[in-house]
Amino acid sequence: MLPSYLTMAAILFCIGLYGALVKRNAVIVLLSIELMLNAVNLNLVAFSKYGVVPALTGQIFSLFTITVAAAEAAVGVAILIALFRSRGTVQVDEYDEMKR
Amino acid sequence: MEIYTKAAWIIPLLPLAAFLLLTALGRSYRRAGVLIGTAGALAAFLLSLLVLIGRLGETAVDYSKAFDWITIGDYTLRIGFEVTNLTSMMLVVVTLVSLLVNIYSAGYMKSDERITVFYGYVSLFTFSMLGLVLSDNLLSLYIFWELVGVCSFLLVGFWYARPAAKAAAKKAFIVTRIGDAGLLVAILLLFWYMPDHRLEFTMIQSVFDGPSGAITTELSTLIALLIFLGAVGKSGQFPLHVWLPDAMEGPTPISALIHAATMVAAGVFLIARTYDIFLDSAAAMQTVAYIGGFTAIFAATIALAQNDIKRILAYSTVSQLGYMMMALGLGSLTGGIFHLFTHAFFKALLFLGAGSIIHAVHTQNIQEMGGLGSKMRVTAWTFGIGALALSGIPPLSGFWSKDLILSVALQENKLLFIVGVAAAFCTALYMARLFFLVFMGKPRSSLGGAHESPSVMTIPLMVLAALAVVAGFVETPWNGALGSWLSGGIAEEAHSSGIAIIASIAVGVLGIYLGWLIYVKGSVSRSIVSDKAPWLVMLLERKYFIDECYERILVKPLKGLGTLLMALDSYVIGGAVRLVSAAADSAGKAAVRLQNGQVQTYGIAALLGLVVIVLAIVGRRFWS
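Chains as they are written, first to last, in the working numbering: chain A, 1 to 100; chain B, 1 to 624.
The hints are simulated quantities; they were obtained by calculation from the structure and are not laboratory data. Cβ atoms here follow ideal geometry from the backbone N, Cα and C, with glycine treated the same way. Keep in mind that a hint or two might mislead.
[As the list claims (entries may be wrong)] Here are the computed distance ranges between Cβ atoms for each label pair:
#1 A:Met1 with B:Ile604: 25 to 35 Å
#2 A:Tyr50 with B:Ser586: 47 to 57 Å
#3 A:Leu6 with B:Tyr602: 27 to 37 Å
Using the sequences and the hints given, assemble the complete structure.
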């Protein structure tokens, strides 16, 4: 069972990575990052169930991760709203402050 | 009086101090520059004079003092100074001419913007020349030998805005370098074969004096010839004489100081210093004698057809240096040094006189001059004395030294005697031509502004004229004072010979008389030679096409090789360098394009980097 979970997680991660690197809308980028995070969570759960040393620790750990991710998503959206207010756009390729 | 000999090391330091002071002061202190340069030369002259006077007694012993310079393993290189009768005489000649040139230049270079620089260079030259004279070993002599070459380069090219001066400076430096390379090889050979690698002149003297067996005759021939090559370059002997006439592009006082009296005599001095090596090898002596004799007649004939006053004097210098070499080659150290001594005075006088003329009329072409005798009385009289001394008219100094050389030649080698007499005839003829064309007759172009030079220029002329008259009496056929003094009491056998005296007087008078007939009286047509043998005049005017030959045979191929190497350098080596820089440049440009401030681009770059690292780690497993 482990390989199918891992494959599933890898596919999810790749979709997320693709979205994060390619999409121009900042909201979609944020969503894609959540997708990558969840792929990691899936890995954690899969290893805690089918890994070499199965234990409940991994599942609890992933619960914590989800909680922290929720907080992180809230912060991310807040930053995004602030950015939208100041720049008037959500297009990622127009955010090029790092060049200046 | 011994104390002055021991303090002789101070003499070169005085002009050196003047040079350093002048360099530190800069160009704005014009009067101070003149005073400092002259003061340095004056102090050096006075001290040299004291050294010489202290050594005039019969008992004077050679004095040398050295200190350790470099120690490498067991070998210690020592440098120091040595005062012998020969060096003390040279000290006085060098410092006296330098002092007079310093005084003279105050007038001649008065309106030059860089007069302070000029005085600095002259002081540096005086220092180098004195160092050369005082050196006690070949290595430090070589260092100063190169230093005088550098000073000559700087002063020949002093008016570097003129292309001719620049070219002449380069030519002087490069041509003498050829000779210097020979000298360097000779020093290396001596270093290799001398016992304990000693290069001191005293050691050379004791090793080569008598059959010590340390060095074979073949080897000493080789060393002597290589040393002679150095002397040929510096003293403008036949194959390497081409730089000396061109060096006349420098200021005229420089021609008097460097290219007549001192530096060009350094070659003769060098041979005199290492004379024991030459005495060891008959072949080397013959080479020196024949090259010298050939140069004497060769340069004297060229001087017959030149029109530039300084070039005539330059070829005359080459010719007289040939005489000195011939004397040395014939085994008469006294003859060579004696002629060096007298020549230094009358040739410096002639050059300074020429400078006075050029200063007045602003041309160097003697065909445009004429009738200057009435306008410039002091110059005319002193120049006349110099010309008579050079032509070998008794009792002026040139007669005695030339007569000594001719007497030796008559005893040793009849062919060289004839060559010497012929050269003496040419000398008298070209000096008569020069003198009559410049000072007699009517002006051949508008020289209305010509007037006598200021006294700061004429006083050195008068001093030198006095010396040109009396300097010859130190060695006469009935009194070999100089010879016995130079060789430390052992008098050379007297060479007085009635035939030589009569011959040298006869050709001198005949040459001047012929010159008078042609250029004053006009009873012999001036164009008599050019009508009957135009090729001969052409040959002489173009200096036997030596420069053209060198241009074809040496300069062109070398320039071609240089162009080839330049192309190799700029395209192959430079190309590789440019390739590297272009690669770095384009990598940088790509990196700049990557850095566009967008976080997604950075993310892709990071991802690609990760992929590369992963591939590398995974791939390594497959490789090994």
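Unmet hints by their number, sorted upward, for this structure: Of the numbered hints given earlier, the structure breaks none, since each of them holds.
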